[in-house]
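There are 2 protein chains.
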Amino acid sequence: MGKKVTIRDIARLAGVSVTTVSQVLNGKGNRFSKSTREKILKLRDEYQYVPDFHARSLIMKENINTIGVLVPNVSEPFFGSFVEGVQQVARQEKLIPLIFSANRDPKLEKAYLEQMVERSIDGLIIASARMTTEMINQALANRELPYILFDRNYDQVGTRVQTDDYHGGQLAAQHLVELGHQKFLYLGVNYLTENFKQRLAGFKDTLLANQLAFNDEEDVLRTDLSRQGGYEAARAVASSGATAVFTVNDDVAIGLLRGLRELKVRVPEEISVVGYDDIALDEYIYPPLTTIHQPIFDLGVGATKILLDRIDHKRQSEQVEHFPVRLVRRESTAPYRMV
Amino acid sequence: MGKKVTIRDIARLAGVSVTTVSQVLNGKGNRFSKSTREKILKLRDEYQYVPDFHARSLIMKENINTIGVLVPNVSEPFFGSFVEGVQQVARQEKLIPLIFSANRDPKLEKAYLEQMVERSIDGLIIASARMTTEMINQALANRELPYILFDRNYDQVGTRVQTDDYHGGQLAAQHLVELGHQKFLYLGVNYLTENFKQRLAGFKDTLLANQLAFNDEEDVLRTDLSRQGGYEAARAVASSGATAVFTVNDDVAIGLLRGLRELKVRVPEEISVVGYDDIALDEYIYPPLTTIHQPIFDLGVGATKILLDRIDHKRQSEQVEHFPVRLVRRESTAPYRMV
Numbered sequence: 001m002g003k004k005v006t007i008r009d010i011a012r013l014a015g016v017s018v019t020t021v022s023q024v025l026n027g028k029g030n031r032f033s034k035s036t037r038e039k040i041l042k043l044r045d046e047y048q049y050v051p052d053f054h055a056r057s058l059i060m061k062e063n064i065n066t067i068g069v070l071v072p073n074v075s076e077p078f079f080g081s082f083v084e085g086v087q088q089v090a091r092q093e094k095l096i097p098l099i100f101s102a103n104r105d106p107k108l109e110k111a112y113l114e115q116m117v118e119r120s121i122d123g124l125i126i127a128s129a130r131m132t133t134e135m136i137n138q139a140l141a142n143r144e145l146p147y148i149l150f151d152r153n154y155d156q157v158g159t160r161v162q163t164d165d166y167h168g169g170q171l172a173a174q175h176l177v178e179l180g181h182q183k184f185l186y187l188g189v190n191y192l193t194e195n196f197k198q199r200l201a202g203f204k205d206t207l208l209a210n211q212l213a214f215n216d217e218e219d220v221l222r223t224d225l226s227r228q229g230g231y232e233a234a235r236a237v238a239s240s241g242a243t244a245v246f247t248v249n250d251d252v253a254i255g256l257l258r259g260l261r262e263l264k265v266r267v268p269e270e271i272s273v274v275g276y277d278d279i280a281l282d283e284y285i286y287p288p289l290t291t292i293h294q295p296i297f298d299l300g301v302g303a304t305k306i307l308l309d310r311i312d313h314k315r316q317s318e319q320v321e322h323f324p325v326r327l328v329r330r331e332s333t334a335p336y337r338m339v
Numbered sequence: 001m002g003k004k005v006t007i008r009d010i011a012r013l014a015g016v017s018v019t020t021v022s023q024v025l026n027g028k029g030n031r032f033s034k035s036t037r038e039k040i041l042k043l044r045d046e047y048q049y050v051p052d053f054h055a056r057s058l059i060m061k062e063n064i065n066t067i068g069v070l071v072p073n074v075s076e077p078f079f080g081s082f083v084e085g086v087q088q089v090a091r092q093e094k095l096i097p098l099i100f101s102a103n104r105d106p107k108l109e110k111a112y113l114e115q116m117v118e119r120s121i122d123g124l125i126i127a128s129a130r131m132t133t134e135m136i137n138q139a140l141a142n143r144e145l146p147y148i149l150f151d152r153n154y155d156q157v158g159t160r161v162q163t164d165d166y167h168g169g170q171l172a173a174q175h176l177v178e179l180g181h182q183k184f185l186y187l188g189v190n191y192l193t194e195n196f197k198q199r200l201a202g203f204k205d206t207l208l209a210n211q212l213a214f215n216d217e218e219d220v221l222r223t224d225l226s227r228q229g230g231y232e233a234a235r236a237v238a239s240s241g242a243t244a245v246f247t248v249n250d251d252v253a254i255g256l257l258r259g260l261r262e263l264k265v266r267v268p269e270e271i272s273v274v275g276y277d278d279i280a281l282d283e284y285i286y287p288p289l290t291t292i293h294q295p296i297f298d299l300g301v302g303a304t305k306i307l308l309d310r311i312d313h314k315r316q317s318e319q320v321e322h323f324p325v326r327l328v329r330r331e332s333t334a335p336y337r338m339v
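Residue numbers (full-length UniProt numbering), protein chains in the order written: chain X, 1 to 339; chain E, 1 to 339.
Among the clues, some could well be false.
Identical copies look the same in the list; a pair holds intra-copy or inter-copy alike.
[What the hints assert, rightly or not] Here are the computed lysine-lysine pairs in the DSSO-like style, where the Cα-Cα straight-line distance is at most 27 Å:
#1 Lys264 / Lys183
#2 Lys305 / Lys110
#3 Lys94 / Lys107
#4 Lys197 / Lys183
Just so you know, the hints here were simulated from the structure itself, not pulled from any lab data.
Given only the sequences and the hints, what does the whole structure look like? Please build it.
What follows is the structure, given as structure tokens:
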């Protein structure tokens with residue numbers, strides 16, 4: 001393989017300036033003679049010169065249309081679908097999405113964010129439960145860089161796409177109340193981010209409004225935010241006496257279903273389970289999961305479109321776009337009956 | 001938010017050259033006076049200057065340690081785990097992995113590859129079933145850029161991590177033969193990449209060596225490479241008369257299990273199913289899936305380490321690292337019995 005040829009090499013070989021080469025190769029060389037243009041193009045082909053992204057960015061100040069997408073964990077189905085939504089818009093709009101998956105590590109999130117800023121990207125989509133607007137602005141070093149927030153950013157300001165988590169919690173409770181259940185459990189996680197708290201609040205308020213008991217001390221279990229976490233909580237869930245369980249998300253619910261199956265606890269006959277998100281997997285597990293639907297793919301599409309809008313028009317005003325949630329009833333919930 | 005401050009602004013304000021600012025800010029300014037150094041650092045803090053990645057890359061020629069990772073679809077569990085392996089090494093080695101998910105679109109794969117080259121990245125991990133070494137070298141414009149191939153690159157040369165797909169097919173057949181099955185089916189996909197062909201060859205050869213019938217025309221079904229594809233193939237599988245099915249991968253198997261369940265065909269009592277990959281999900285579905293294990297996370301770790309090795313030492317010789325496969329027996333397979 002040959003050594004990398006730079007724009008300077010081409011300029012030297014052609015006996016012209018770097019600016020001339022740059023303008024000719026970028027189709028802006030009409031003011032130069034035909035022979036100069038042809039000489040440069042011939043050298044480019046001869047040496048298989050590829051314009052250097054860095055150099056071009058500095059010299060041409062052209063719009064490179066790159067967006068950074070920071071997600072907690074790209075291998076979670078939820079964020080996988082979100083990223084697919086981003087990618088669909090990216091393909092249509094000839095954007096390049098750079099995906100950074102920071103594993104829910106705030107230090108890593110900050111480091112990646114700073115890296116994105118250094119890369120002179122055009123905009124950012126940030127899905128982070130723990131970064132505050134202040135932390136983000138600090139990482140962006142107060143640059144005029146458009147960004148949009150996604151997921152778990154309740155306590156924040158800034159342009160974002162959002163669903164109504166409180167209403168999602170209400171829908172889950174309403175469904176289980178209608179099925180006649182009387183003892184409820186919220187399977188939460190150790191670190192309850194604001195959106196999880198909202199779901200819990202909507203769930204609890206609806207139960208209390210129906211004269212049903214729910215106590216934050218006794219009726220909230222905590223586990224790890226993963227399938228494994230749901231799986232490990234099964235024994236505690238089974239011995240809680242609850243017949244209706246609302247989980248923080250579908251991944252946790254899927255783990256719980258596995259754990260209950262191994263303990264020979266029948267779902268939904270003995271315990272009803274409601275998840276959250278409506279990831280594609282819900283229809284493939286057994287029993288198919290009743291859940292609260294979030295339009296995940298559409299959230300990815302929407303976030304990217306709003307971001308593009310901001311990149312193009314440099315809108316300054318805050319913008320919040322709401323997406324609806326709804327109950328999807330499948331087979332993991334059933335009417336309460338005394339066992 | 002403030003306007004972006006450049007290194008030129010800092011140089012002008014300090015009354016020194018850009019090179020001086022650059023060297024001081026990069027900790028290489030010992031040959032300048034203490035007052036110059038302090039002046040520059042003070043201006044940096046005052047204007048919240050962030051070194052520009054592009055400028056720095058051009059001026060300092062320092063190693064930025066960025067690797068590009070091209071995968072077909074980051075939202076598939078298989079590639080999700082692979083990327084997690086890459087990220088683990090990246091965190092340890094302070095690398096930045098840029099993830100590009102090209103949706104199995106060869107044009108998009110080529111475009112992304114060219115983008116990565118333009119970004120002056122330090123190395124590449126390419127997981128693509130369809131790109132040949134020739135296409136890759138063309139996209140890299142014959143630069144001296146280390147890259148490593150992963151997954152579905154049988155017919156190619158070049159440094160790569162690899163598992164033995166032929167042996168995987170043998171293991172699946174051996175297991176089903178030992179269970180007494182006599183009529184077999186390979187649930188393949190419309191575009192059989194080389195690694196899928198290898199699995200089929202190992203499967204078929206083992207059956208024939210055991211005096212069992214297998215015919216490429218009748219005993220290979222084709223569907224889409226996805227859970228949905230497996231789901232849609234269920235009716236054809238059920239009516240094929242086969243009691244033992246080997247699928248191209250776990251995603252397809254998981255879809256098939258759902259489809260068979262909806263058709264009231266019992267697994268494993270009526271049909272045994274063997275998947276391929278051993279994605280984490282296999283233990284969470286029902287019945288838990290018997291499959292051929294590939295060390296997916298380890299493949300991500302291994303690919304990244306080999307790539308780093310090449311970046312650091314600029315090794316030129318081809319390197320192929322093999323990772324073992326093995327049968328993982330769960331509950332989707334059972335002894336054949338006449339129904």
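Hints, verified against the model:
For the identical chains of this complex, Lys264 and Lys183 are intra-copy neighbours only, at 20 Å inside a copy versus 33 Å across copies, given an alpha-carbon limit of 27 Å. Within a single copy, Lys305 and Lys110 get their C-alpha atoms as close as 24 Å, and across copies as close as 25 Å, so both meet the 27 Å cut-off. Proximity of Lys94 to Lys107 under the C-alpha cut-off of 27 Å is restricted to the inter-copy arrangement: shortest distance 13 Å between copies versus 31 Å within a copy. Taking CA atoms no more than 27 Å apart as the test, Lys197 paired with Lys183 passes inside one copy only; the shortest distance there is 20 Å, against 54 Å between copies.
When each numbered hint is compared with the structure, no violation occurs for any of them.
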